[in-house]
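Visitor: Top to bottom, those sequences are chains A and B.
The numbers in the first sequence follow our numbering, run straight up by one, and end at 328.
The numbers in the second sequence follow our numbering, run straight up by one, and end at 328.
The set of hints was computed from the structure by calculation and includes no laboratory data.
There may be inaccurate statements among the hints.
[As the list claims (entries may be wrong)] 30 Å max Cα-Cα, derived DSSO-like pairs, lysine-lysine:
id, chain 1, residue 1, chain 2, residue 2
1, B, Lys15, B, Lys51
2, A, Lys187, A, Lys66
3, A, Lys93, B, Lys51
4, A, Lys66, B, Lys93
5, A, Lys168, B, Lys93
6, B, Lys187, B, Lys66
7, B, Lys66, A, Lys93
8, A, Lys66, B, Lys66
[What the hints assert, rightly or not] Computed footprint of chain B on chain A; a stretch qualifies when at least three of its residues, placed anywhere within it, have a C-beta under 8 Å from a C-beta of chain B:
id, stretch
9, 149-156
10, 162-171
Note that the coordinates shown come from a computational prediction; the quantities given were computed from them, not determined experimentally.
Virtual Cβ for every residue (Gly too), placed ideally from N, Cα, C.
Listed here are the chains, written in short residue letters.
There are 2 protein chains.
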Amino acid sequence: MHVLIIGAAGMIGRKFVERLVRDGRLGDRPIDRLVLADVVAPVAPTGFSGKAETRAVDVSDRAQVKRLVAGRPDVIVHLAAIVSGEAEADFDKGYAINLDGARFLFEEIRQEGLREAYAPRVVNASSIAVFGAPFPDPIPEGFYLTPLTSYGTQKAIGELLLNDYVRKGFFDGLSIRFPTICIRPGKPNAAASGFFSNILREPLAGREAVLPVSEDVRHWHASPRAAVQFLVHAATMDLAPVGPRRALSMPGLSATVGEQIEALRRVAGDKAVKLIRRAPDETIIRIVSGWARELDASRSEALGFRAEKTFDEIIRAHVEDELGGRIG
Amino acid sequence: MHVLIIGAAGMIGRKFVERLVRDGRLGDRPIDRLVLADVVAPVAPTGFSGKAETRAVDVSDRAQVKRLVAGRPDVIVHLAAIVSGEAEADFDKGYAINLDGARFLFEEIRQEGLREAYAPRVVNASSIAVFGAPFPDPIPEGFYLTPLTSYGTQKAIGELLLNDYVRKGFFDGLSIRFPTICIRPGKPNAAASGFFSNILREPLAGREAVLPVSEDVRHWHASPRAAVQFLVHAATMDLAPVGPRRALSMPGLSATVGEQIEALRRVAGDKAVKLIRRAPDETIIRIVSGWARELDASRSEALGFRAEKTFDEIIRAHVEDELGGRIG
Chain A
1 MHVLIIGAAG MIGRKFVERL VRDGRLGDRP IDRLVLADVV APVAPTGFSG KAETRAVDVS
61 DRAQVKRLVA GRPDVIVHLA AIVSGEAEAD FDKGYAINLD GARFLFEEIR QEGLREAYAP
121 RVVNASSIAV FGAPFPDPIP EGFYLTPLTS YGTQKAIGEL LLNDYVRKGF FDGLSIRFPT
181 ICIRPGKPNA AASGFFSNIL REPLAGREAV LPVSEDVRHW HASPRAAVQF LVHAATMDLA
241 PVGPRRALSM PGLSATVGEQ IEALRRVAGD KAVKLIRRAP DETIIRIVSG WARELDASRS
301 EALGFRAEKT FDEIIRAHVE DELGGRIG
Chain B
1 MHVLIIGAAG MIGRKFVERL VRDGRLGDRP IDRLVLADVV APVAPTGFSG KAETRAVDVS
61 DRAQVKRLVA GRPDVIVHLA AIVSGEAEAD FDKGYAINLD GARFLFEEIR QEGLREAYAP
121 RVVNASSIAV FGAPFPDPIP EGFYLTPLTS YGTQKAIGEL LLNDYVRKGF FDGLSIRFPT
181 ICIRPGKPNA AASGFFSNIL REPLAGREAV LPVSEDVRHW HASPRAAVQF LVHAATMDLA
241 PVGPRRALSM PGLSATVGEQ IEALRRVAGD KAVKLIRRAP DETIIRIVSG WARELDASRS
301 EALGFRAEKT FDEIIRAHVE DELGGRIG
């Protein structure tokens, strides 16, 4: 089986590739060809028994997307995106990568199928940013698309396009709406959502972290491990029961910052919690107030998607996967 | 004031132009320039005191859209579309006209504004086809976008794009979701929805009409007169109270075919009703079963949009506007 991952150099992409390389298969089919594409060519995986290729690709250039699809991959996982903050700051770039990129991909698959029968499985990364405040808690499955960012708009459009291409039989697939991924590995970053990870990852490594919001802020989380499992399941599951509505809110854990901190205390003790420094930031407080706090994910759960049920599990997954089991 | 109407040669476009020419103004501002565009140049209006121009335009050609916008109209009413059946049959054409056309328009307005401050009022025609079965009756304001046609997908994407361009301040405007327009003037056509108008228009003119569905079929209607009033109101109303969710389901009348027929009987007598011939058509029955039966339009009603409350009113509007007050 030939698997193409677009956006393979991002955090979720890298972890998904690691998983595929480790398993050597997707579901019950061995992977013999793995094509990893990103805006800068990803690092080639080590220890993969099949053929691995890495490509630098600009998905807003239709000819480049066409060349990726010309290899007729059996599974295409589309993770490439300009993130929320950058898409908001650079309107043209956000639309070029996030909207045109997805549309070119879907359209080139269709064109390939017009030449010779072809219907790959497509897994398209979407986001809870398709919803914008005000919304009920939890946001129901049937709630309308109310993005308040260009990124959310572009993701919502990608979902609609995928639904239509699937309905017309040009390929099969799903859009999956990721919760905020926590704990993100790596260094603290400037994203407004960064603190959700920072306040756990840094103290677990013995470093100080800044908390810019109050402890009663509630948000919707899943671990990197759960995110990888979402992709594996979406790439292998029976899609017949899904019906025509192909955008699924992934399961997650709705938790307050206070609940995150108490989980940290249970896993790593008071010493870790003391490394969290309160420094309220009005800008971040305002941004975060418009974010989803909880989603109804009963549809995706019924279809076999699973996420963590407690923040203790999320923290332990990080300690196992990123810290070799050791707490700083 | 300069008004541009794209799709001015269609049924609603023609009636809207007639209204503007008759009024000579839009709200409290006189119209001094009227640009009427369509895929074939519309007929120039007679009796207009200002400057009227007609243009043949392919909205899927960005350069042509750019030239329309370069005139810096104060109000742009975008009605041009490939209709549902054709967009379903010709995938490329539907996306080119309905998606690219809307996007080129919004983007050329933005580009014009980047050259020199410019923020026209845009009224974008959308459709209840953004919803697809199954849905509750009435379909709530907050129901998600579930199109089951390429046309509905393209209209939903147009709504999302408009929301984002308005949110970013590139122009101000609304998308308005028209109910099925009834009674459509003219000849019976092959559209699956044609019978809703045929069974009234033809008997009112003394001609036979075919009813392909049962009398308990319920649907969502507004008259051509109401549709024109929606456009006038959308082009002139204060948009501040609308907020960021700029797609509005227009008010309409939810009625069964049986209720339509009883209204015909009250207005035009048994003689007219006897001209309706039952000829069940399984294809049309199946198509119509997936259509919206009623929408919650309380938001647009609160914003001042109005439609007919009875089918008697809808029929009388047709008799006055199309038949010079005379029945068959």
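Visitor: It remains to establish, for every hint, whether it holds in the given structure.
Guide: Each hint, compared with the structure:
no.	hint	in the structure
1	Lys15(B) to Lys51(B)	holds (18 Å)
2	Lys187(A) to Lys66(A)	violated (35 Å)
3	Lys93(A) to Lys51(B)	violated (39 Å)
4	Lys66(A) to Lys93(B)	holds (20 Å)
5	Lys168(A) to Lys93(B)	holds (15 Å)
6	Lys187(B) to Lys66(B)	violated (35 Å)
7	Lys66(B) to Lys93(A)	holds (20 Å)
8	Lys66(A) to Lys66(B)	holds (28 Å)
9	149-156	holds (count 3)
10	162-171	holds (count 4)
Comparing the model with each earlier hint shows violations of hints 2, 3 and 6; every other hint is respected.
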